[in-house]
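Protein chains: 2
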Amino acid sequence: MAKTKMVYFFGNRTAEGDGTMKELLGGKGAGLAEMTKIGLPVPAGFTITTEVCGEYYKNNRKYPAGLKEEVAANIKKLEKVTGKKLGDPVDPLLVSVRSGASVSMPGMMETILNLGLNDVSVQGIAKKTGNLRFALDAYRRFIMMYGSTAMGIDREKFDELFGKLKDTVTRKRLKIEKTKTVLDTDVNEEELEALIKSYKELYKKEIKKPFPQSPEEQLWGSITAVFGSWMAEKAITYRKVEKLYGVMGTAVNVVQMVYGNKGNTSGTGVCFTRDPNTGENVFYGDYLVNAQGEDVVAGIRTPIKLSDFEKKDPKAYKQLCDVRKILEKHYKDMQDLEFTVEEGTLYMLQCRTGKRSPAAAFKIAVDLVNEKLIGKETAVSRIKTSDIEGIFYPTIDKSQGPAIKSAFLVKGIDAVPGAATGKVCFTAERAELMAERGEAVILVRKETSPEDVGGMHAAHGILTATGGKTSHAAVVARGWGKCCIVGCEALQIDYTKKQFSVGTKIVKEGDFITLDGSLGAVYLGELKLVAPKLPPAYTTLMKWADELRTIKVRTNADTPYDASYARKLGAEGIGLCRTEHMFFDSEDRILAIREMIIADNADARKKALAKLLPIQTKDFQGIFKAMDGLGVTIRLIDPPLHEFVPHDEAGQKALAKTVGIPFDTVKQRIEKLHESNPMLGHRGCRLAITYPEILEMQVTAIMTAACRMAKKGVKVFPEIMIPLVIDATELSLLEKLTRTVADAVIAKNGVKVKYLVGTMVETPRAALLADKIAAVADFFSFGTNDLTQMTLGMSRDDAGKFLLDYVDEHKTGIFRADPFQSLDQEGVGLLVATGIQKGRSTKSELKIGICGEHGGDSESVKFCCRAGMDYVSASPFRVPVARLAAAQAAIEAKAAAGTAAASKKPGAKKPAAAKKTAAKKPAAKKPADSKTAAAKKPASAKKPAATKK
Amino acid sequence: MAKTKMVYFFGNRTAEGDGTMKELLGGKGAGLAEMTKIGLPVPAGFTITTEVCGEYYKNNRKYPAGLKEEVAANIKKLEKVTGKKLGDPVDPLLVSVRSGASVSMPGMMETILNLGLNDVSVQGIAKKTGNLRFALDAYRRFIMMYGSTAMGIDREKFDELFGKLKDTVTRKRLKIEKTKTVLDTDVNEEELEALIKSYKELYKKEIKKPFPQSPEEQLWGSITAVFGSWMAEKAITYRKVEKLYGVMGTAVNVVQMVYGNKGNTSGTGVCFTRDPNTGENVFYGDYLVNAQGEDVVAGIRTPIKLSDFEKKDPKAYKQLCDVRKILEKHYKDMQDLEFTVEEGTLYMLQCRTGKRSPAAAFKIAVDLVNEKLIGKETAVSRIKTSDIEGIFYPTIDKSQGPAIKSAFLVKGIDAVPGAATGKVCFTAERAELMAERGEAVILVRKETSPEDVGGMHAAHGILTATGGKTSHAAVVARGWGKCCIVGCEALQIDYTKKQFSVGTKIVKEGDFITLDGSLGAVYLGELKLVAPKLPPAYTTLMKWADELRTIKVRTNADTPYDASYARKLGAEGIGLCRTEHMFFDSEDRILAIREMIIADNADARKKALAKLLPIQTKDFQGIFKAMDGLGVTIRLIDPPLHEFVPHDEAGQKALAKTVGIPFDTVKQRIEKLHESNPMLGHRGCRLAITYPEILEMQVTAIMTAACRMAKKGVKVFPEIMIPLVIDATELSLLEKLTRTVADAVIAKNGVKVKYLVGTMVETPRAALLADKIAAVADFFSFGTNDLTQMTLGMSRDDAGKFLLDYVDEHKTGIFRADPFQSLDQEGVGLLVATGIQKGRSTKSELKIGICGEHGGDSESVKFCCRAGMDYVSASPFRVPVARLAAAQAAIEAKAAAGTAAASKKPGAKKPAAAKKTAAKKPAAKKPADSKTAAAKKPASAKKPAATKK
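Protein chains in written order, with the working numbering: chain B, -12 to 936; chain Y, -12 to 936.
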């Protein structure tokens, strides 16, 4: 660290830093430097880098050598630029000290203002401004801020003293002026002096040292406080919640004070260069006359609109409008500004890219392109996953305000975003019944199983006590874009009593609850929701995205409805059609599959399968029709057979009766199906190895459907996918059987249908031996759900219990994100890359895609692009996310190719600590798709949220 | 195939083939060629290669082009050498036709003798030999053998005709000679002629064609029959049972006939050049005067001993003794010979390496070294895994003969070899109780769990209905060398009724059963067992093995007893000490661990752990003492916590009462521990991430024990192993915690103890990221059980249901062996190799071993040697197997290094089909460790089998 520059000065229209140095100077520091550089009115100051903060913690809370000297030199510089001296009794330099990390981070230290004041200089200020009251008030504020914020004295103790004073004053004044309440501003100079005295006494009592009179001591106390606040619990929590990993630390900004509270030609405000809710190109913000920033936050007075500001102070407003123009042109994006007007002169205090609603994100991006400020690539790059989620899913109407907070019950894992409200019920049957009656239902289960699918579909939202983001409930709900919260471990469900409890609170069947799937929050009662609305800018922007991306986006869909819906959302084929879901669709289907399972010989099995054949054939016909002209990858039956059979005695007895087999036999057969680890059990293509007749039936159904539709002029491209393969010989056996059956069906139908036979690569062994497997496969589809489970040895249904610790940066920091949601690029990704490389080494034209849950995750989609896949496949609702991510990946690839040759950005040296994490966490620089952006702004439409059918 | 030589001639002291060409000529053909070459008296003939058989099947049972011509040319050559002509009416050449694959394979076609006889040539022979009866008898036999063996006529139909004839003759003679029964030899010429007539009529009736008179037609009919018998069901079954994969086909041997049935100076015999039971260097065999080989098999007459043969025909015997000497010197191994003496002249008909008992295998190998016939390396190479198993485990006393067969009940999976007999019981508690009473017990369970360990230990044998070779039952039993059969799916266990049934047979608690773990066979009743006895040659040979091997052999041991025992068996340290087994050892232990699990906060957990600390410390002290001077790798707790808690209400209530927590709380907590896929759940180091206090307790116990023993002068080398690691950060966190705790204990004890902290590599991710993980590990131990499960996505507890299909060459041929028993070198092996390479790339001195079940499997141990591991670790009883395999691996490596430069063996070209399979199945040439060798010869000791304590 010896030679590294630790402090960056700005002022007098020059700055050592600039706007690109957010990581090193923090967002605030970089913004101030950049604004200074481009000639905007910014008070002078300097920024201590985030690296210093990192070093500070690395060295056990010790400052790096040379820092003191560098700060001292910058103070000198600041004194020269301002012409004032810190602690000067006549014309003292006063400064503010603020924290500022590379990303906005509430929970860190608030500002300390008026630093430099002491018993002497307060008089200097008084004389210089000719306003003793102003000087005393500033000093009073400084002692309080320093005492509480920097030194940790309970703020309430200061407030208490002020309160007491005001009471005294009130009592005194009541007699004279009959004023009922005394405002801060009503306190006079004398009283303020008394208050200052009592503040200092409080300080001495608490800290065991007198309030520091040395500005230098004040400054270092404040710097230490800023660094200390980086590790304050609420800051840690915020980073955790927002998944802000790899951020090194906070910078410290020391800036010359300007005053918005110098009378009616002074004031302070915050504004957005465009409307952050709608995205419209209108100036948007608040202004508070005669006030300091602190007062805006305190909410004591109501700010005025910018239009009123214009009327009130057209000259200052004009300055602000100029700044708005300059900044938008400079940053080419909507900005969020903080400013102060001191006696008619505008000073910019902060400038950062403004947060915006999802709808605004699309509108602003498209408008900026139309205004020729940015290109299409930039516009597409700026849209986040959460923006798409935000315009697709209903949300809780934020206008309900504190009612939302008070209705909060418990938090689970945010499996599928959006919101839902309805009556609680505990069984799938009940959910279907209530839904038929027209009631909105929330299905609450310990966990869901394929048997529950009907009820899950009928429900508006799903809440489970166990499971992670890729548990059965989450995966199924995601496919429907249905609000879902899982792994809500605090839930104690009592099926017998038809109720659940959280602590002492009990919720019974029929009670209303509301789910916010984006936050994973469960609320008591029926909260108002706002329905999603697609802005026109969405269509424009997604068209651009589609033009930019280089890989295809398919969908995971099991029904003609889902297929059509996904196609509308931009899907270019089906990447995964799970045939087993079809079996649960009706009583006769599930009965036939159960009969097949209970059969103890191939003939009985074939008899049962014969019943399923026409049903599956019809299903596939609908899917082929919906996907006319596009590829349809159909996976043969995958789950272990025990998932299809009834596990209770009543169900088994009913089955025995219907099938005409003794109950004991049924029971024994079902018992034998039990597996210790079903995920690693008798499933996938292992079923076809044991019972080839199942494969034969399914292939017959697929190809019969394909031939029939082809005869009707539908362009069919069936791709038969064999799951859970571990070996080339295994696949070869099944591939041959598949082709034999398929060719026979084609010959019988006398119609030309081309088809592919490929495999899911979802076991580590398949990826490792991909060169051999590719020899007998037309295509690979990486099943990264299972591949993740096996590579990590981690069951997604069970990981809820411990995975939180793994993604908790402050506890372990092992994973940056849930590996079932965002692909573990380091581990699983290595296997995927190996599989692709080996597969193509055997068959260079091998078609390769992904069909795990990761196909709908932005970072994972980007990985797939980089890895050279031909397509990703996502659940219908994630198709737009995948399209966007694919476009962004293409843009990034282009940029990376370009950057290699380009020169280094000045000062953009990556700090050491960030580098280390960046290797593991490729997107560390960018906060992960922020959920808050989507959650903060409700969409404007008023239609009640409805579940997609 | 056009240019390939298909037929190899031998005769007149020269041969086109030789003894090295077993694969191409079959064992018999190669033996005949070699014996001819070295000047032994062998009748002339030729061999059609196994390649022809392979081609025959490849071409849909058509002979390759040119074969007919090549055979004809060889017949010509044979006629020239013998001076006789096939079908010659005066002096016809007669031949035998026999099958002969590269490995002995019962179930294939028997010999066809006397080929060349027809209605005309039979008279020629009669005249030439002056023995019409002999000629007719030969013709009669030929028609029967050809008709039944080659043409598939039911042999019994021939026997019936012969029987009828003998009855007639008997009735006729009874009147004259009062002889009661008529033997074959009593039938006279006239009667034989009538029999021949009736045989030919039968043939015509069955085949719809007259019996072929053309010797050429006879020859091709016989050749086709030999090839056909290769795919006969019993031959296929034999290959399946013996795991003879990759054998291409059978050869056909056509050899001039010689006759042992030409009077009292003729005869036939089989012999071993040394005693195959004891290995003693004595000539051992049987001789039958005036008989053909067929008669020996038929068992009609009792053969005489070789010593009597010497007395009877010293000249012929002298010839045989000379041959014995020549062959042993030539082959440098004990040989199994077949010979015929025709009128005083010896002819050798077969010569192959003799099968021998396990004890004999050791003795012969050591003796041959002492006799300077072979070197130590060769001696070590010849010992098979089954030889070691055979001398270590008790076996069923084969002298009980057919009683064994009739007691047979059902077959399961042969998990642990050896035999056991005892009373059936169904619970671990009952097993312990009965064992305390001194009763021998067989524990029969659907499956076992850690709770059953006490009962399993008390039982003499274990039988389960589910699970594979690495299921809980198998793994635990193997560690104790205790007979165990698993996955016996036909078992219907009814715990309530305390009985199990197999079909209609019911076995109740208290009934005796006997298990043969080597075969996986279950017998009803109490069969007599013979105890194992270590021959002195074992010690000598294993000493040589130890001198030869280059890697260490450790053991998996959890108790001081096991540790000491394994050390006696040659273990050089502990490679895996599973700490969790200790928890089940007594009531207070399991209670303390349950209390720890039920605890809902760290303090309560710590309290419970404090109870376990002194217990675990004591355990480790014993282990360190037993392993004085050797490394001890101790794995921290690994299984999911729910394995430790009671799952029944009664148990939970008892626990609630003892711990003083409400039953509902206990129940809920246990319910929450339930996992869908426990193998991929909250276990291994994930427990330590969630509950660091468990790790702290265990490390404290390990290091306290180490320090205490060190103070007493014991040389301790603790190696702390962290299981189920997936990430370097994860390991690093736990490694730091481990070192902090360990160093504190060392400091407190004031004694110098060096220790290592390493990890198990048992997830694919750990292997893939081994370069990063190695940076924070002192050693790697590959946990190939779990690694196999995850790489293949296959639960070892559930795989029983479908894995049989995967290892069935004739159904799928996907795996050559159960991948849980013998390492899947192609897939899992690739990960292991990657892990080693990456690990050492970071840390070249990284100590690497294996501690899965594979450490006791010969082929897997060899793989580990090749892969560059420092040691393997096996359960105590498998330590000798591992030592031997390690030595053989070293020998093979040396040979491979040498072979590279050496010249090709003449004619040893590997046929194409074998090559193809050899690539996947590295040991295809050698039949897998044959179970039969061990099973066939009971050890001689008479002590009843006892279970090791």
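It is possible that some hints are incorrect.
Same chains, same names: a pair is fine if it fits in one copy or spans any two.
[Claimed, not checked] With a Cα cut of at most 20 Å, we get these calculated DMTMM-like pairs of lysine to aspartate or glutamate:
hint, residue 1, residue 2
1, Lys825, Glu813
2, Lys654, Glu476
3, Lys299, Glu329
4, Lys723, Asp795
Hint data in this document are derived by calculation from the structure and do not stem from the laboratory. Values in this document were obtained by computation on a predicted structure and should not be read as measured data.
Checking lysine 825 and glutamate 813: alpha-carbon separation at most 20 Å within a copy, between copies, both or neither?
-> Answer is both; intra-copy 18 Å and inter-copy 15 Å each pass.
State whether the alpha carbon distance between lysine 723 and aspartate 795 is at most 20 Å within one copy, between copies, both, or neither.
-> Between copies, since 18 Å is at most 20 Å while 48 Å is not.
Given identical chains, is lysine 299 near glutamate 329, meaning Cα to Cα at most 20 Å, within a copy, between copies, both, or neither?
-> within (14 Å within a copy, 134 Å between copies)
Within a copy, between copies, both or neither: where do lysine 654 and glutamate 476 come within 20 Å Cα-Cα?
-> between (32 Å within a copy, 15 Å between copies)
Figure legend: structure checked against the earlier numbered hints; every hint is met.
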